[in-house]
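Asker: Spelled out from the first residue to the last, the chains are:
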Amino acid sequence: MRALSFAYGERKALDGISFAVQPGRFAALLGPNGAGKTTLVSLICRLFEPQAGTILIEGRDLRRERHRALTSLGIVFQERALESELTVEQNLALAAALRGLSRSETRARIEEALIRLGMPESRHVRAEALNAGHRRRIEIARAFLHRPRILLSDEATVGLDIPARRSLIALVRTLVREEGLSVLWATHLADEVEKDDQLILLNRGRVIADGLTREILAGIGTDSVEAAFNVLVSRSTP
Amino acid sequence: MTASGYWRAFAAIVHRELLRFWHQRERLIAALVRPLLWLIVFGAGFRSVLGLSITPPYQSYILYELYIVPGLCGMIQLFAGMQSSLAMVYDRAMGALRVLLTAPFPRWFLLLARLAGGVITSTLQVYAFLVITILYGIDVPWLGLLTVLPALILTGFMMGAAGLLIASFLRRVENFAGIMNFVIFPAFFLSSALYPLWRMEEANSTLAWVCALNPFTHAVELIRFALYGRLEPPALAVVLAVTALLFAAAIWAYDPARSFRAGRTAISAE
Numbered sequence: 001m002r003a004l005s006f007a008y009g010e011r012k013a014l015d016g017i018s019f020a021v022q023p024g025r026f027a028a029l030l031g032p033n034g035a036g037k038t039t040l041v042s043l044i045c046r047l048f049e050p051q052a053g054t055i056l057i058e059g060r061d062l063r064r065e066r067h068r069a070l071t072s073l074g075i076v077f078q079e080r081a082l083e084s085e086l087t088v089e090q091n092l093a094l095a096a097a098l099r100g101l102s103r104s105e106t107r108a109r110i111e112e113a114l115i116r117l118g119m120p121e122s123r124h125v126r127a128e129a130l131n132a133g134h135r136r137r138i139e140i141a142r143a144f145l146h147r148p149r150i151l152l153s154d155e156a157t158v159g160l161d162i163p164a165r166r167s168l169i170a171l172v173r174t175l176v177r178e179e180g181l182s183v184l185w186a187t188h189l190a191d192e193v194e195k196d197d198q199l200i201l202l203n204r205g206r207v208i209a210d211g212l213t214r215e216i217l218a219g220i221g222t223d224s225v226e227a228a229f230n231v232l233v234s235r236s237t238p
Numbered sequence: 239m240t241a242s243g244y245w246r247a248f249a250a251i252v253h254r255e256l257l258r259f260w261h262q263r264e265r266l267i268a269a270l271v272r273p274l275l276w277l278i279v280f281g282a283g284f285r286s287v288l289g290l291s292i293t294p295p296y297q298s299y300i301l302y303e304l305y306i307v308p309g310l311c312g313m314i315q316l317f318a319g320m321q322s323s324l325a326m327v328y329d330r331a332m333g334a335l336r337v338l339l340t341a342p343f344p345r346w347f348l349l350l351a352r353l354a355g356g357v358i359t360s361t362l363q364v365y366a367f368l369v370i371t372i373l374y375g376i377d378v379p380w381l382g383l384l385t386v387l388p389a390l391i392l393t394g395f396m397m398g399a400a401g402l403l404i405a406s407f408l409r410r411v412e413n414f415a416g417i418m419n420f421v422i423f424p425a426f427f428l429s430s431a432l433y434p435l436w437r438m439e440e441a442n443s444t445l446a447w448v449c450a451l452n453p454f455t456h457a458v459e460l461i462r463f464a465l466y467g468r469l470e471p472p473a474l475a476v477v478l479a480v481t482a483l484l485f486a487a488a489i490w491a492y493d494p495a496r497s498f499r500a501g502r503t504a505i506s507a508e
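For the protein sequence lines, the chains are D and B, in the order given. Here the first sequence is numbered in our numbering, starting from 1 and rising by one per residue. Here the second sequence is numbered in our numbering, starting from 239 and rising by one per residue.
Hints in this document: simulated from the structure, not taken from any laboratory. Cβ coordinates follow ideal geometry from the N, Cα and C atoms, glycine included. Some hints here could point you the wrong way.
Partner residues aside, some chain D positions facing chain B, computed with beta carbon under 8 Å [unchecked claim]:
no.	residue
1	18
2	19
3	24
4	64
5	79
6	86
7	98
8	217
9	220
10	222
11	223
12	224
Here's a subset of chain B near chain D, in silico, CB distances under 7 Å, partners left out [what the hints assert, rightly or not]:
no.	residue
13	250
14	257
15	366
Here are the computed distance ranges between Cβ atoms for each label pair [unchecked claim]:
no.	chain 1	residue 1	chain 2	residue 2	range
16	D	179	B	256	56 to 64 Å
17	D	8	B	279	27 to 35 Å
18	D	123	B	328	45 to 53 Å
19	B	245	D	191	41 to 49 Å
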């Protein structure tokens, strides 16, 4: 992102933010409610047009090469976005077709994804019959089906219990480790951030810290992401 | 994206609409009950009251029930179009629309594919109605079932495009009652669906003029003539023009950023 700005009428949601997600890393976009995380995600996946600034995805300007750039992205939205009346397989097949996968690729990748998730028996289960944790796992699988280079997630763990949250994050971290996926993980929960993650702190539409979590914590003189978060947010709030 | 990629995405979106329709079979029953009530109850009541002269495409005196069949086909499509707007609002609230709109395809293409799915389901509903109508004893020509198909596709697109446009302005599913009162009823009653325009002209020339301007009238007439294997060029021209206009407006209205600038939060924002 370079000098990215967006406002809802008079209210500035993002105020000239710039940062880059390091390739093959889990980057946590941490911020309190109202920080601008969802707006940023909406801009990156091109639901909204930025009013100023540039978004580059794998070096491609999103404004000029929208479709190619979107092909590099896997997206998990805050809302539960599975088609509840369709089965798991039908949901995944729809997503695969929307990303241009052939039938044979689709079949193979659905098979592989369900095995990876440990949910091969869920293939013909309707999405509405899944629990919240499993629905989210399927949404992650759906976002990753076309092998994107970047996974964009907006508060994916909201509404999940602690074991489901942990399991979901573990799944995404496995994808980072094994597949070299870059992740931008928007969250307001400090305990989802690990010390080796890239940490981008967002508050009131501005980036107030960006770097390796371990280094940010050392700079503040704390061992806790939550404590660092509180310190940095209070410093940046007038 | 390659041409085959476009085709797969198009087919997948249409397939999704068909699956959803299949999973909501009660929709088919609801869609059939309404016109059948009109046909059987209303038609029987008005048969003796309303005299119909011989007007094209009919070549002899016809029963009132036969006259209202094209209008009831249009009614099914009108309701289907408005229901698709309701589904769009629901998808927007649930997040499914975000998944669709962030696919690497032009927005017009994604909306067109969704529209095509809706047209197929509404056409299936009309055919189910027409078959029941024939079984009930109404003299709909069998060949008409074939010749009416292009007309149904066109009128289905028109109603669906209207639904798409309305969906972009509709914030809540609860507002559907407003659509009933301000779109469906006026469109249906101020048309040639239930009475020929010359009868309306005799009663109230201003209303007849409004009916003649109503695009739904032209959709009904297109279906009416097509059922007898005839093309009504003015109706075709109006339906094509209105469809193009409504679809273009729907694409414009589905720009979420524009929606925000207009102060309407089309997609909830943090």
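Asker: Looking back at the hints listed earlier, which ones does the structure fail to meet?
Answerer: Checked against the structure, the hints that fail are numbers 1, 2, 3, 4, 8, 9, 10, 11, 12, 15, 16, 17 and 18, while the rest are satisfied.
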